[in-house]
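J.: Input sequences plus hints: build the corresponding full structure.
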Amino acid sequence: MPRWIGTGGALVFIAAQGYFLGIVDDPQTVVASTLQMPIMAFYLGWFVRPALGVSLLALGLLVFGAAMLSNPQLGPDGVMGPRVVTHGMLSLVFGYAVGLYLWRRHMRVAVTDPLTGVLNRRGFMERLEARLRRRSRRRGVLSVVAIDFDGFKQLNDRHGHAAGDTVLVSAVDDWRAVVRSGDVIGRVGGDEFVLLLPGVGIAECAGVIARLREGMTHAWSWGAAEAVPGEGPEELLARADGALYAHKRLRAGGRRG
Numbered sequence: 001m002p003r004w005i006g007t008g009g010a011l012v013f014i015a016a017q018g019y020f021l022g023i024v025d026d027p028q029t030v031v032a033s034t035l036q037m038p039i040m041a042f043y044l045g046w047f048v049r050p051a052l053g054v055s056l057l058a059l060g061l062l063v064f065g066a067a068m069l070s071n072p073q074l075g076p077d078g079v080m081g082p083r084v085v086t087h088g089m090l091s092l093v094f095g096y097a098v099g100l101y102l103w104r105r106h107m108r109v110a111v112t113d114p115l116t117g118v119l120n121r122r123g124f125m126e127r128l129e130a131r132l133r134r135r136s137r138r139r140g141v142l143s144v145v146a147i148d149f150d151g152f153k154q155l156n157d158r159h160g161h162a163a164g165d166t167v168l169v170s171a172v173d174d175w176r177a178v179v180r181s182g183d184v185i186g187r188v189g190g191d192e193f194v195l196l197l198p199g200v201g202i203a204e205c206a207g208v209i210a211r212l213r214e215g216m217t218h219a220w221s222w223g224a225a226e227a228v229p230g231e232g233p234e235e236l237l238a239r240a241d242g243a244l245y246a247h248k249r250l251r252a253g254g255r256r257g
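Per UniProt numbering, the very first residue in the sequence shown carries number 1; after that it's consecutive.
If you're looking for bench data, these hints aren't it; they were derived computationally from the structure.
All C-beta atoms in this analysis are idealised placements derived from N, C-alpha and C, irrespective of residue type, glycine included.
Heads up, a few of these hints could be off.
Claimed, not checked - Between beta-carbon pairs, the in silico distance windows are:
{"no.": "1", "residue 1": "Arg127", "residue 2": "Thr29", "range": "35 to 41 Å"}
{"no.": "2", "residue 1": "Gly117", "residue 2": "Asp77", "range": "54 to 60 Å"}
{"no.": "3", "residue 1": "Arg211", "residue 2": "His159", "range": "26 to 32 Å"}
{"no.": "4", "residue 1": "Gly215", "residue 2": "Gly160", "range": "19 to 25 Å"}
{"no.": "5", "residue 1": "His159", "residue 2": "Ser136", "range": "43 to 49 Å"}
{"no.": "6", "residue 1": "Lys248", "residue 2": "Ser55", "range": "49 to 55 Å"}
{"no.": "7", "residue 1": "Phe47", "residue 2": "Thr217", "range": "53 to 59 Å"}
{"no.": "8", "residue 1": "Ala130", "residue 2": "Asp25", "range": "51 to 57 Å"}
{"no.": "9", "residue 1": "Ala238", "residue 2": "Leu115", "range": "21 to 27 Å"}
T.: In structure tokens form, the structure reads like this:
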């Protein structure tokens, strides 16, 4: 369903309820109408982007508040009194807060790797795309590092998947202690990770990797690529993967020699 339909429906609801609450004099009808407010607010928090949702919520508070205060039955001397007005306003805010919280939680879960807590592939690619757009405007440098754990399948086969999971979680915890606040870690495969390093050129990646390797308990290989103008996230990540596997082949050739 197009977003404008939901937004239009919310506006119609606000207008209709505002008119209705301004003229109704039946207490039961007012209470029933007030109970519908948090439903609309929850919809705004869950389905409407926050900037627009807050604007519609503010409009609803203004319209409903003005309509209810203009109704003599809801005034200080009215049958229902201002408590109903207070309840209606608070229910709007609460409904929106719950909807927005659940939406943010849903979005966070959708882009987070459940084992390590870093971004999953979807989350990392979204973040990388946003960084590349920012880089094109500001002309800064940006590099991506691809990481693959050596002999990870053999580790799982020999000691079980729990041992492999422990290695991954431990490595990510160590990386988090080293990377800067603006750097991004993502898990894009079983034992495949990527680092997004804003402001770091290809020549500086080796220094970053050296710090990440300090105290490591399981060996891993890496490859890096620096973003070039006009390049998309998939192309940049593919170049980093290519550098990673070239490094692996070089190491394998050295061992055979």
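J.: For each hint, tell me whether it holds in the structure or not.
T.: Now for the hints, and whether the structure bears them out:
1. Restraint check, Arg127 to Thr29: a C-beta distance of roughly 49 Å breaks the suggested window 35 to 41 Å.
2. At roughly 57 Å, the beta-carbon separation of Gly117 and Asp77 lies within the given 54 to 60 Å, and the hint holds.
3. Arg211 and His159 have their C-beta atoms about 28 Å apart, which keeps the hinted 26 to 32 Å range intact.
4. Restraint check, Gly215 to Gly160: a C-beta distance of roughly 24 Å satisfies the suggested window 19 to 25 Å.
5. A hinted range of 43 to 49 Å for the beta carbons of His159 and Ser136 is consistent with their spacing of about 45 Å.
6. A hinted range of 49 to 55 Å holds for the C-beta pair Lys248 and Ser55, which are about 52 Å apart.
7. Distance hint for Phe47 and Thr217: a CB-CB separation of about 45 Å, inconsistent with the stated range 53 to 59 Å.
8. Remark: the range hint 51 to 57 Å for Ala130 to Asp25 is upheld by a beta-carbon distance near 53 Å.
9. For Ala238 and Leu115, the Cβ-Cβ distance of about 25 Å falls inside the hinted range of 21 to 27 Å, so the restraint holds.
Of the numbered hints stated above, those contradicted by the structure are hints 1, 7, listed in ascending order.
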